[in-house]
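> Taking the hints into account, I'd like the entire structure generated from these sequences.
Residues per chain, in single letters:
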Amino acid sequence: MLAGSAAIFALVMLLLLIAYRRTPASHQSERRQERFWLYGLGLAFPLVTLAALLIYGLVLGETLLPKASENVVTVRAEARQWSWSFGYADAAGRRTQGVLHIPAGRPVDVEITSLDVVHSFWAPRLAGKLDAIPGQVNVLRIEAAAPGEYHGVDAEFSGPGYSGDAFTVIAHDPAGWGAFLGRSKE
Amino acid sequence: MKEIVRIVIAMLVWLAVFSALYGLEGVGCAAGWHRIPVNGATLFQAAMTIAFFVALLILVAVLVALRAPRFRSASPFVAHISIVLAVAALIAGAWTLFPALALSHCA
Amino acid sequence: MNALARHRALSRIWSSEPGWRGVISTVNHSDIGRMFLLVATLFFLIGGVLAMLIRTQLATPHSAFVAPAIYDQIFTMHGTVMMFLFAIPLFEGAAVYLLPKLLGTRDLAYPRLSAYGFWCYVFGGLMLVFAMLAGLAPDSGWFMYPPLSSSAHSPGVNADFWLIGVTFVEVSAIAAAVEICVSILKFRAPGMSLDLMPIFAWYALVTALMILMGFPPLILGSILLELERAFGFPFFESALGGSPLLWQHLFWLFGHPEVYIIFLPAAGVISTVLPVMARTRLLGYRWIVAAAVALAFLSFGLWVHHMFATGIPHMGLAFFSAASTLVAVPTGIQIFAWLGTLWKGQPRLTLPMLYIIGFFFTFVIGGLTGVMVAIVPFDWQAHDTAFVTAHLHYVLFGGFVFPMLAGLYYWLPQFTGRKRFFRIGEMAFWLIFLGFNGAFLAMHWVGLLGQRRRIAWYPEDAGWTEINLMSSISAFIMAIGVAMVVFDIALHALLAIRGSRNPWGAGTLEWAMPTPPAAYNFASIPIVGDREPLAKDPALANKIARGEYFLGAPRGDLRETLTVDAASGRPEALVIFPGNSTLPIALAAATGAAFLGALIRVYWVIPLALLFVVGLSLRWGWSQRQATHSGLQNVGRATLLPQAIETDRSPGWWGSVFLLGADTVLYGSLFFGYAFLWTVGPNWPPPQWLSLSILELALGLIGAAAAAVGLQAAARAVSRGSPPSLGVLLALTGVAITIAALAMTLTRAGQLTDYAYGATIFVMIAYALIHAAIAAIMTSSLAYRTWRGGAARPRTSNVNIVRLWTDYAAFVAATSLIATQFSSYLT
Chain D
1 MLAGSAAIFA LVMLLLLIAY RRTPASHQSE RRQERFWLYG LGLAFPLVTL
51 AALLIYGLVL GETLLPKASE NVVTVRAEAR QWSWSFGYAD AAGRRTQGVL
101 HIPAGRPVDV EITSLDVVHS FWAPRLAGKL DAIPGQVNVL RIEAAAPGEY
151 HGVDAEFSGP GYSGDAFTVI AHDPAGWGAF LGRSKE
Chain S
1 MKEIVRIVIA MLVWLAVFSA LYGLEGVGCA AGWHRIPVNG ATLFQAAMTI
51 AFFVALLILV AVLVALRAPR FRSASPFVAH ISIVLAVAAL IAGAWTLFPA
101 LALSHCA
Chain W
1 MNALARHRAL SRIWSSEPGW RGVISTVNHS DIGRMFLLVA TLFFLIGGVL
51 AMLIRTQLAT PHSAFVAPAI YDQIFTMHGT VMMFLFAIPL FEGAAVYLLP
101 KLLGTRDLAY PRLSAYGFWC YVFGGLMLVF AMLAGLAPDS GWFMYPPLSS
151 SAHSPGVNAD FWLIGVTFVE VSAIAAAVEI CVSILKFRAP GMSLDLMPIF
201 AWYALVTALM ILMGFPPLIL GSILLELERA FGFPFFESAL GGSPLLWQHL
251 FWLFGHPEVY IIFLPAAGVI STVLPVMART RLLGYRWIVA AAVALAFLSF
301 GLWVHHMFAT GIPHMGLAFF SAASTLVAVP TGIQIFAWLG TLWKGQPRLT
351 LPMLYIIGFF FTFVIGGLTG VMVAIVPFDW QAHDTAFVTA HLHYVLFGGF
401 VFPMLAGLYY WLPQFTGRKR FFRIGEMAFW LIFLGFNGAF LAMHWVGLLG
451 QRRRIAWYPE DAGWTEINLM SSISAFIMAI GVAMVVFDIA LHALLAIRGS
501 RNPWGAGTLE WAMPTPPAAY NFASIPIVGD REPLAKDPAL ANKIARGEYF
551 LGAPRGDLRE TLTVDAASGR PEALVIFPGN STLPIALAAA TGAAFLGALI
601 RVYWVIPLAL LFVVGLSLRW GWSQRQATHS GLQNVGRATL LPQAIETDRS
651 PGWWGSVFLL GADTVLYGSL FFGYAFLWTV GPNWPPPQWL SLSILELALG
701 LIGAAAAAVG LQAAARAVSR GSPPSLGVLL ALTGVAITIA ALAMTLTRAG
751 QLTDYAYGAT IFVMIAYALI HAAIAAIMTS SLAYRTWRGG AARPRTSNVN
801 IVRLWTDYAA FVAATSLIAT QFSSYLT
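Residue numbers (the numbering used here), protein chains in the order written: chain D, 1 to 186; chain S, 1 to 107; chain W, 1 to 827.
These are computed hints drawn from the structure, not numbers from a lab.
Remember, predicted model here, so these are calculated numbers, not experimental data.
From the three backbone atoms N, C-alpha and C, an ideal C-beta is built for every residue, glycine too.
Be a bit skeptical, because a hint or two may be false.
Which chain W residues face chain S? A few, computed with CB under 7 Å, are given here [what the hints assert, rightly or not]:
id, residue
1, Phe300
2, Met315
3, Ala318
4, Val680
Looking from chain W toward chain S, a few residues come up when the C-beta cut is under 7 Å (computed) [stated by the list, open to error]:
id, residue
5, Asp195
6, Ala290
7, Val293
8, Ala294
9, Gly301
10, Pro313
11, His314
12, Gly316
13, Phe319
14, Ala322
15, Ala323
16, Leu326
17, Asn437
18, Ala566
19, Arg570
Here are some chain D residues the structure puts well away from chain W; computed CB gaps all over 10 Å [unchecked claim]:
id, residue
20, Arg22
21, Ala68
22, Ala89
23, Gln97
24, Gly105
25, Pro147
26, Glu149
Shown next, in the form of structure tokens:
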């Protein structure tokens with residue numbers, strides 16, 4: 001996408017530069033010029049490029065949707081000014097503050113909601129953003145490829161404490177995940 | 001005023017059918033049409049598919065009307081612009097609404 | 001009469017009063033346009049200072065420059081000032097100043113309305129400036145998402161300043177838009193058919209239509225949010241059946257078209273300036289007009305792309321993603337048409353052209369990043385980061401400020417009749433261009449690294465320190481460039497070096513007059529047979545000054561111009577404009593008092609202020625100037641035309657059509673909100689429905705029908721030449737019955753407003769009631785005219801205007817009653 005954009009940008013700049021460097025071809029009819037500039041460059045060129053890009057984007061978007069799957073883990077994220085609280089379907093009653101535990105290598109559905117204003121759940125290395133909206137539950141599919149700690153932030157302006165409103169996602173290996181769930185049963 | 005109507009009508013109709021399909025999608029999901037089976041598909045799919053083709057038909061009708069001697073502008077300039085925009089509206093209809101046929105529902 | 005005597009006579013008729021009184025009583029479009037441009041520029045500088053404060057804050061990590069609470073006010077005000085108090089008013093100012101000159105007429109359709117709009121803008125802007133100086137500025141971000149902006153989370157008066165101040169300013173935008181539409185369609189030089197209109201007029205027409213369609217949703221949203229804040233109507237409160245997303249829909253339904261409302265006038269400037277700089281004519285005029293119209297409509301199908309991360313189903317997002325990519329096509333057509341124009345001609349590298357090249361560079365980058373964020377998965381990452389901030393500045397600064405600077409330097413000689421001497425503008429260009437790109441390229445980068453927008457501080461270990469510092473330094477370089485432009489213009493004003501009349505060799509009519517322009521623009525109204533009349537006939541300016549065309553003979557103290565048939569440009573009627581008047585500023589002050597009453601929550605002020613508004617409006621309507629005798633008027637060149645107010649469709653009728661168009665969009669948005677809460681809103685159905693009252697419904701429908709039928713009969717009577725007493729009486733009775741029915745429904749709905757459903761139907765009925773009241777006032781004034789008789793007797797044009805408003809009120813009363821009375825059956 002970046003390379004394509006750079007190429008289009010270079011093309012426009014080049015056409016602009018050449019306009020100043022050439023002697024105008026006055027023999028060309030207005031109609032022919034219209035055909036080249038408007039039908040060709042103005043209409044056909046963007047339509048083809050954009051169609052390809054759009055379809056690519058939509059196909060990719062479809063694959064990112066939460067699909068039914070056997071081993072999906074469901075967790076819950078509740079935003080408030082300015083902290084995050086997480087709950088776990090596999091461990092009823094267990095809540096963690098500011099730290100979300102997930103298993104690595106398994107799809108995780110995060111049910112996101114808010115207790116006060118609009119926030120947005122964003123763990124950049126795991127998935128895109130999804131807003132936390134009061135009165136509504138949005139489901140975001142995330143998956144951590146490897147165990148480790150991932151950074152997450154609130155990504156919708158939510159008042160004076162917004163800048164520091166962050167959380168951590170800890171992805172566990174199977175043993176660690178079992179231990180986390182087990183500990184919660186105690 | 002009639003000339004202005006000729007110029008804006010096609011895109012206005014596009015905006016109307018675009019909003020209508022978006023609204024239908026919202027209503028369908030809210031009412032749970034995607035869970036009602038109809039002949040191997042769902043009520044949601046059926047409704048969206050029919051709506052898509054109806055929308056395109058309406059846009060074709062606008063294009064045909066703007067070319068018809070009865071509604072066509074006497075000014076070549078306005079006639080040209082109105083027909084170009086009717087074609088544009090038809091392309092825009094197909095371009096912006098094709099997800100109604102292809103994408104997953106209510107997810 | 002020679003040219004000089006004609007100039008003196010016309011100047012006496014058209015000039016504003018001397019001194020400061022002239023400022024408050026002028027209704028001349030050149031004056032109003034200049035005042036608009038000046039005030040908008042001041043707000044640009046204010047917004048710029050705020051931007052510098054933001055960059056100071058972000059220059060270093062863990063910045064302690066200002067606390068978050070203040071910082072939030074700063075960035076909210078930066079966005080608000082730039083969008084509402086700079087960009088839109090600058091367009092209005094440019095259009096108000098230029099359009100009559102481009103179109104070959106002497107003033108805009110409603111001179112007093114231009115002045116009213118200007119004063120509404122000034123008063124609304126002052127409210128926001130006051131809030132800022134008092135430290136009470138809005139602080140929820142310029143798109144004011146509830147519940148953050150609701151009273152629970154923004155208890156102070158800050159958010160109210162935004163909702164009320166911005167709505168007040170938008171009243172002025174609507175007024176200007178109505179004025180621009182009617183002026184372009186009806187107030188042109190004879191012979192200027194639609195295809196001969198200067199391209200800027202097309203862009204201005206499209207932009208004005210977009211304002212009429214785009215602003216009402218936000219006005220409605222602001223009203224609803226203010227009702228929620230002030231009276232607890234829970235439209236956006238999910239626990240009580242509302243939805244925070246309703247605001248986002250209404251806001252972006254305005255907000256995305258807004259971007260194109262800002263871009264299109266700038267594109268109009270480029271389409272005007274660039275061909276002159278290339279010593280040729282614009283390539284593909286017809287295609288550009290079509291592209292502008294297509295762009296305008298497509299931009300209304302994009303709003304949800306600001307809400308890709310709100311959990312809307314993927315199919316819904318896909319519609320908007322597709323529309324967002326498609327909008328690049330008409331934009332591309334314009335870009336390539338401009339490039340083709342340059343290839344066609346022999347481009348010069350003048351200062352305006354330099355700014356246009358700056359436009360190409362930045363706007364194309366902005367467009368390309370725009371296509372990127374139109375792609376849903378990319379946006380899920382880039383959304384609400386500095387990448388988006390950078391993108392929107394490339395589009396808005398690149399797509400608006402650069403072209404407007406090009407326009408400034410292009411029209412400066414027309415504006416002042418002088419020429420530039422120092423080459424400060426060129427230096428300023430390089431500072432602005434390099435500074436801008438340094439500042440915002442860096443922001444793309446830091447955004448992709450994960451820096452969110454609107455943060456007040458970031459940690460050292462984020463790795464963003466150097467990039468932000470570079471961005472801040474570049475921003476200050478840009479600010480120095482802007483300051484140099486201001487300095488350049490100031491020097492220009494001080495050093496009076498006479499310039500030639502048409503220094504660029506342009507072909508449009510604004511150069512066919514002495515510079516600086518006289519208050520009356522054209523000594524006689526030219527006949528146009530070419531898109532560039534001045535290029536076709538270089539002697540045109542002299543012929544105009546010699547009074548060879550229409551209205552070359554001044555009559556008494558009448559400010560005269562012509563209206564034409566909208567399509568063909570055939571002259572249709574003689575218009576006599578009102579003279580200087582303090583009514584506009586008084587009416588704006590009264591309107592402002594009503595807004596202020598709502599702001600400080602002293603509610604008894606509002607009805608009092610509205611009483612003044614109604615009184616002044618009636619006086620406004622009554623004080624129409626007209627010719628000394630009725631019937632056909634001699635407009636010169638052996639042509640006899642009727643007076644506009646003696647035709648069936650006067651300018652007031654045309655204005656009403658466009659205003660009611662905007663009003664219909666507002667009403668439609670209200671229905672959208674009703675349907676949205678019904679289908680998507682959480683916590684629906686409500687605990688209690690409005691029960692059906694056959695009495696209210698029947699009375700309302702009968703009243704509405706009687707009002708419509710009565711005025712139809714009145715119109716028929718007037719066209720026969722007999723007094724319309726019976727029809728007017730029937731209409732008055734009908735309106736009164738409708739008001740009674742609506743009032744009954746409103747009382748019952750008033751008991752349900754602690755839930756979103758009840759609050760919504762309350763607003764629907766209240767809306768209908770307000771329109772019924774307007775219809776009642778207008779019909780009463782018609783009745784008064786009938787009773788007085790003689791010179792005051794109603795003309796067809798009067799009846800037709802009242803009919804428009806009353807029919808609309810009847811329609812609204814009927815639909816709102818049906819939609820609310822049956823709601824309990826719709827579950």
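> Each hint should be assessed against the structure and marked as holding or not.
Do the hints match the structure? See the list:
1. Phe300: With a minimum Cβ separation of about 5 Å from chain S (threshold 7 Å), the hint on W/Phe300 holds.
2. Met315: holds (4 Å)
3. Ala318: holds (3 Å)
4. Val680: Holds, about 6 Å.
5. Asp195: holds (4 Å)
6. Ala290: holds (5 Å)
7. Val293: holds (6 Å)
8. Ala294: With a closest approach of 5 Å, the W/Ala294 hint holds.
9. Gly301: Constraint on W/Gly301 satisfied, holds at 5 Å.
10. Pro313: Holds: closest Cβ of chain S sits about 5 Å from W/Pro313, inside 7 Å.
11. His314: holds (6 Å)
12. Gly316: holds (5 Å)
13. Phe319: holds (6 Å)
14. Ala322: holds (4 Å)
15. Ala323: holds (4 Å)
16. Leu326: Status holds, d = 5 Å.
17. Asn437: With a minimum Cβ separation of about 33 Å from chain S (threshold 7 Å), the hint on W/Asn437 is violated.
18. Ala566: holds (6 Å)
19. Arg570: violated (12 Å)
20. Arg22: D/Arg22 is in fact no farther than 10 Å from some Cβ atom of chain W, at 7 Å.
21. Ala68: holds (15 Å)
22. Ala89: Non-interface label on D/Ala89 holds, nearest chain W Cβ at 19 Å vs cutoff 10 Å.
23. Gln97: holds (20 Å)
24. Gly105: Given that every Cβ of chain W is farther than 10 Å from that of D/Gly105, nearest at about 21 Å, it holds.
25. Pro147: holds (22 Å)
26. Glu149: Fine: 14 Å to the nearest Cβ keeps D/Glu149 off the interface.
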